[in-house]
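Each protein sequence line maps, in turn, to chains A and B. Under this note's numbering, the residue at position 306 of the first sequence is numbered 306, and the numbers go up by one with no gaps. Under this note's numbering, the residue at position 237 of the second sequence is numbered 1237, and the numbers go up by one with no gaps.
Among these hints, one or two may not hold up.
Claimed, not checked - Every beta carbon over 12 Å from chain A, so not counted as near; a handful from chain B, in silico: (1) V1066; (2) E1111; (3) A1126; (4) G1163.
To be verified - Calculated from the model, a selection of chain B residues having no Cβ within reach of chain A, i.e. all distances over 10 Å: (5) Q1104; (6) L1109; (7) R1177.
Unchecked claim - What follows is a list of derived Cβ distance ranges for each label pair: (8) B:P1258 with A:R217: 49 to 59 Å; (9) A:T35 with B:R1078: 51 to 61 Å; (10) B:K1137 with A:I207: 48 to 58 Å; (11) A:V282 with B:P1258: 33 to 43 Å; (12) A:L314 with B:V1060: 52 to 62 Å; (13) A:L104 with B:D1172: 31 to 41 Å; (14) A:L91 with B:A1255: 30 to 40 Å; (15) A:L212 with B:Q1254: 45 to 55 Å.
Since the hints were made in silico from the structure, they are not lab data. Cβ atoms here follow ideal geometry from the backbone N, Cα and C, with glycine treated the same way.
Single-letter residue listing:
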Amino acid sequence: MKSPRTSRLARCAPAIICTLLVLAVSGLAEAGSQTTQRTATQMLIMGIITVGTYIFVGNSGMLSFGHVVFVAVGAYTTALLTMPHSLKQALLPALPDWLAEIELGLPEALLVSGLLSLLVGAVFALLVLRLDGMAAGIASLALLISVNVVISNWDAVTRGSQGIVGIPADLTIGTTVPWMIGAIAVALAYQLSRSGFRLRASSEDPIAAAALGVRIRRDRSIALLISAFVCGFGGGLYARFLGALTPGDVYLQLTLLTLLMLIVGGIRSLSGAVIGTLFISVLAELLRRVEAGGEFGPVGLQPHPGVQQLILALTLLLTLLLRPGGITAGRELGFAVPGWGRSSRRGPSEPSPDPSGLVVEGGNGLDDAGQAAPPRRDPV
Amino acid sequence: MSAVAQNLINALSLGSLYALIALGVALLFSIMGLINFAHGELIMIGGYALLWFAGLPFAVTAVLVVGVVIGCALAMERAAFRSVRGATGETLLMTSFALSLLVQGGALLFEGADPKSVDVLGSLGASVEVAGVSVGKLDIAIIGVTAVLLLGLAWFLRATSLGVQMRAAAEDFGMARALGVRANLVVAAAFGMSGAFAAIAAIFLVASTGALTPAMGLKPVLVGFVAIVLGGLGRLWAAALGAYVLALLSVMLQAYLPDGVAPYRDALVYFGIVVILMFRPHGIAGRPGAVRV
């Protein structure tokens, strides 16, 4: 991948700009109130989960409803590993001794979370990646449901639907940002790796890619494992952010939110995942305040439950109808050298006559809708 | 013996309800490749419509509910799905997902998040004794109505011009259009029928649970998805088959699992389905190549 035409710096440009964006928004939030800071921390954690999901979904072009499984595994693992020993004894008397004894620091616990998620990801890869298209999506959904049922009933370890309380909730913007930057770096590193390029090629045209010797399932598995690892990390941080964890916290709501962020931002690029997270987080927070009602300067508002969901859904719908590729429409943010993959002659994803680099003939990405959609306008 | 019969009847009744939902989803999938998340919201609207029209004679209520839901289904088609027709399965799926959230948000806003209750079929709550097995009248109604609808659908698709056009469109949409099938008509018909199935499913669902919430459509629609994938994408009767297999699996596991494992029933059911798909990636009755995505 060492092309003389694209310098290393230019290839890393998306990650650098995404990092700067994240830092800028976090810095702004740091100056805000306690609530704002908390929201920003949550945004960063959502960012890790979204970027983690993107590593698989964005590169492979397969939709997954199952990534929250990895988040759930990571969240419960970190919760159990970092809770104070005495509290575990009181809360979960049936816990096996070795698990009750253990009390790790955050980084170690997160690492274990990531590795466990990776294991679950391996099972996932075995079960789901044999299927294609919609069947794979629905199978991942079936796995999400079945894992949630287990979590909701495994009283000895997860305390069932009552959930675990008393997880040390000590995350701040400052302690979360490095993890988010790490997630962005991992995602970019994968995307620039051989496997990443092969996977992108296979998502644009599976038959041609297979004919060129790409073993699609292997590359999909690699992406899924990395993706599971990052999501596991994100899940661990999520537990530490929430402080109290119930099965509902890591179920459909979170799945839908992740997909919302990915699609509105642009599911086919890392920049899209990051921008989607920032955009939806800020919008959701504003709407939450509107929904709760209160005084906004001269304007008094009644509480309107449902407004947040309504407007977020409308945003998603308008994105799909007017700009099906999302805000970034499959492009990466970059500087100096225009675009690292889409416009360089070396990339695998080339046959794009459309100047926006969006519509790829015969591809099966989300972008194809562009052919049927009215002229694209920015919905926001 | 009677316990087995009892379980079979429960499975048949549950399977019929699942089949109504799955067919509504499968109709749209086979014609335009759409997996419709918003189908659950059609069911939810049907449920609330029951509340709005409560007090009228039941037949009138039922007709009104079916009418309202068909209207909503057609409106969804016109407002959202027409613009993305022909897009990839993923785009269609996400569009339906956005619509689903939108309608749910609307329901939250206008109906509130608190569950509401409605009593639909007062007299059907009773049960009758048949050969030593007590069978709920509601079960009989569900099984009977579903059987009639399935037969009616089969007849419609084989014997009427519109039905044949729909089958042609399901086989090859582009070719069918080239031969004079009107795309808008066929798609609208599919949405209308899907809406009717959703409304009838809603009536039975609400009759057996009695509760209404804005999010009530999610669980049924997931069941529908799983059923059509399990049965085999791209064939209508396979969707019904998948629904009955899914119901049989849950009822039998419910009845025969030991107490310690019983809470994990749904986990086993859904995991089992993924395992079945691992061995038969195109579903129980699917054929390779039938998937249009």
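Verification of the hints:
Distance check on V1066 (chain B): its Cβ is at least 26 Å (rounded) from any Cβ of chain A, clearing the 12 Å threshold; non-interface status holds. For E1111 (chain B), the condition that its CB be more than 12 Å from all CB atoms of chain A is violated, with the nearest at approximately 9 Å. Every CB of chain A is more than 12 Å from the CB of A1126 (chain B) (nearest about 33 Å), matching its label as outside the interface. The non-interface label for G1163 (chain B) is consistent with chain A: the shortest C-beta to C-beta separation is roughly 25 Å, beyond 12 Å.
For Q1104 (chain B), the requirement that its beta carbon stay farther than 10 Å from each beta carbon of chain A is not met, with the minimum near 6 Å. In this structure L1109 (chain B) is not separated from chain A by more than 10 Å, as the shortest Cβ-Cβ distance comes to only about 4 Å. Non-interface status of R1177 (chain B) relative to chain A is upheld: no Cβ of that chain comes within 10 Å, the nearest being about 14 Å off. Checked against the hint of 49 to 59 Å, the C-beta distance between P1258 (chain B) and R217 (chain A) comes to roughly 37 Å, which is inconsistent with it.
At roughly 41 Å, the beta-carbon separation of T35 (chain A) and R1078 (chain B) lies outside the given 51 to 61 Å, and the hint is violated. For the hinted restraint 48 to 58 Å between K1137 (chain B) and I207 (chain A), the CB-CB distance of approximately 55 Å keeps it satisfied. Checked against the hint of 33 to 43 Å, the pair V282 (chain A) and P1258 (chain B) fails, with Cβ atoms roughly 51 Å apart. Distance hint check for L314 (chain A) and V1060 (chain B): the Cβ-Cβ separation is about 34 Å, which falls outside the suggested range of 52 to 62 Å.
Between L104 (chain A) and D1172 (chain B) the beta carbon distance is about 58 Å. The supplied range of 31 to 41 Å is therefore violated. Between L91 (chain A) and A1255 (chain B) the CB atoms are about 34 Å apart, so this pair conforms to the stated range of 30 to 40 Å. For L212 (chain A) and Q1254 (chain B), the Cβ-Cβ distance of about 50 Å falls inside the hinted range of 45 to 55 Å, so the restraint holds.
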